Amino acid sequence: MLKSPEWEMMIVWYFFLGGIAGGAYFTAAIADNFGSARDRAVARVGYLLSLPLTAACGILLIADLGLPFRFLNMLGKFSFWNPMSIGAWGIGVFGLFTFVSSLLSFSSSPERVALRRKIGLVGSIFGFFLASYTGVLLGGTAQPFWGEARLMGALFLASGASTGMAAISLILFLTGGAAGEGFGKVKKADRYSMILELVILAVFLALLGSAARPLTTGPMAPLFWGGLIGLGLVIPLVLDFVGRRARALTAVSAVLVLIGGFLLRYVVLMSVQA
Amino acid sequence: MARTLAMFTDTSLCIGCRACQVACKQWNELGMEVPEWTGTYQNHAHFTDKTFRLVRFVEEPKPTGDLAWLLMSDVCKHCAEAGCLEACPTGAIYRTQFGTVNINQDVCNGCRYCVASCPFGVVAFNETTGTAKKCTFCDDRIQNGLGPACAKACPTDSIQFGFRDDLVTKAQKRVVTLKGMGFKEAQLYGADSQGFLGGLNAFFLLLSKPSVYGLPESPKLPQRNVVVDSLLSIGSALVVGLGALLAFRERGKGPGDA
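Just so you know, the sequences run in chain order A and B.
For the first sequence, counting from 1, position 223 maps to 215 in this note's numbering; every step adds exactly one.
Numbering-wise, this note's numbering comes out as the position in the second sequence, counting from 1, plus 442.
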C-alpha cells in the first residue's frame, strides 16, 4: 500500500501558474526575437506576466513545505537527475531571468533590446523547464499512474505553453491590445500548442492503457473528459476556428484554455490522492 | 565501510504477539494513534509517522476451505537502492556506515517527495514536526552495539539482527528446511543483492507470494524514468517552439529587423 504525498491545492496552483509563467516567457522571447515591431506588446505582456507568476510559484512551494523556514535546505545540494532538487534551483534561476527581462522590457535603446532578446532566448530554456519538470517529477515517483506516465512532462509543457499564450492573449484583449497583429499571432501559436497537447494526450492515454484509469474512469472522469478535453481543448479550438474574425469569441476560448490547464493539474494530482 | 547490517524477518516463526511493534513504539517514543477497523487483528492498517514496525495479519484461504494465518512483521526495507534517498532534495535522507537509510530530522523540510517515492509506502509525513518519518533501524542503539528494539524484543527469533551476509546464508538454509517440511511457497524477499532495488537490508522469508502480504512482486526504483521523461519533454519543447516560431515569423525579414 503506497502513501500519497498530500500535494494538494497549493501544488495544483503551483503547477498551473508555473506552466503559464514558463509558457508566457518563452512566447514573449519568440515574439521579441522573431516577431515584428507590432508584436512588441506580446513580448512585454509575456515578460511582465512571468515575473509575478514565478514569484507566486516560489511562495506556494515554500508555503507547502512541512517546515517553510527550512526552504533553503533545498539548495543544500544539487542533484542533477532529481527533479525536486533541480526544480528548486530552476525556479530561482528562472525568477532572475523574468526579473531582468521585465526590467529590460521597458527599454527601447537598441543595445538593451538586443540584450533582452538574447536573455529571452536563454531564459526560455528555464521557462520550458519550469513548465515541464513538474510532470517529470510526478513520473519519478512510486505512485500508481504517475510513475507509469512517461509523457507527463511533455504534456505539462504543451499545456504550459498553451496556457501561457492564452494568458497573454487574454491580457491583450482586456487592455485593448487585441487590435494589434500580435493578438492573432499569439492565438495562432496557441492553436498549434493545443493541437500538440491533444496529440500528446492521445499518445499518453494509449501508452498508459489501463494505468490511466484513475483519470479516465471514476470520480475524476467528468472533469477529465468534459472539463479538460471538452471545455479546455476541443471547444477552444472550435471557437478559434469559427470565430477567427470575432475577437470576443477568441477571448472566451482563451479563458477556457486557462480553465483546461488548471483542470489538467487538478485531475492529475487529485486522481491518485483523492 | 563496515559490513552491512541487516534484519532478517522469518515470517514462519512469527506468532503475531506484536512485541516488536510495542518495543519499537516504546524505544522510539512514538505516540499513541487512534486505532482503526481493518477487519482482522491487524492494527494499524498501514505504516504511519508513529508506526515503524507493523505486524501484518493475513488470512489466506486453504484448499480445504479453511483460512491459514500468515503473520508478518513488516518494517522499512532499508533498500540498497532507496527511492526515498534518491528523491530527497535536501540531503536529509542519508545512508549510514551500516548500510541503513535514515532521515536527519534537523535537515528535512517536509517536501514529501520521499513519501511519494517509497515503493513500499513506508515513509510518512508527521504534521506536528513537519518532517518525514520512518524506521531508523534504531540507529541510536546500533551505534552503541545494541540490536534494534524490535529484534531484541522478538521472543521467537522471527526477527534476527546481524551482518547481512551471515543472515542471507542462514535464510537460504531455512528456506530449504521449510520446503522439506512441505511449505512449497516458502521464499526469500529482498535477500538477493542482484535482485530488485539492489537487495533489501531488511529482508523477509515469506510463506506465500509477496502480493498475498501486500508487497509488490518486483518493486522498481521510481527514478529510473527521469532521463526518458526529460528527453520527451525536450522533444515537446522543440515542437512547441517550432509552432510559435511559425506563428510569429515575419516572411522575408531577418530576425534582427524590427
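Hint data in this document are derived by calculation from the structure and do not stem from the laboratory.
Fair warning: this is a prediction, and the values are worked out from it, not measured in the lab.
Positions of the beta carbon are idealized from the N, C-alpha and C atoms, including for glycine.
Fair warning: there could be bad hints in the mix.
[As the list claims (entries may be wrong)] Label pairs and their in silico Cβ distance ranges:
(1) A:L67 <-> B:T619: 52 to 58 angstroms
(2) A:F70 <-> B:L684: 30 to 36 angstroms
(3) B:T570 <-> A:A198: 40 to 46 angstroms
(4) B:K621 <-> A:G201: 17 to 23 angstroms
(5) B:D581 <-> A:L95: 21 to 27 angstroms
(6) A:L199 <-> B:G587: 50 to 56 angstroms
(7) A:T208 <-> B:G624: 20 to 26 angstroms
How the hints compare with the structure:
Range check, L67 (chain A) to T619 (chain B): about 53 angstroms between beta-carbon atoms, so the 52 to 58 angstroms window is met. Distance hint check: the CB atoms of F70 (chain A) and L684 (chain B) are about 31 angstroms apart, consistent with the given range 30 to 36 angstroms. Separated by about 44 angstroms at the C-beta atoms, T570 (chain B) and A198 (chain A) satisfy the suggested range of 40 to 46 angstroms. The hinted range of 17 to 23 angstroms is not satisfied by K621 (chain B) and G201 (chain A), whose Cβ atoms lie roughly 37 angstroms apart.
A hinted range of 21 to 27 angstroms for the beta carbons of D581 (chain B) and L95 (chain A) is inconsistent with their spacing of about 50 angstroms. Look at L199 (chain A) against G587 (chain B): about 52 angstroms separates their beta carbons, and that is inside 50 to 56 angstroms. Remark: the range hint 20 to 26 angstroms for T208 (chain A) to G624 (chain B) is contradicted by a beta-carbon distance near 46 angstroms.
In terms of the numbered hints stated before, the structure departs from hints 4, 5, 7, listed from lowest to highest.
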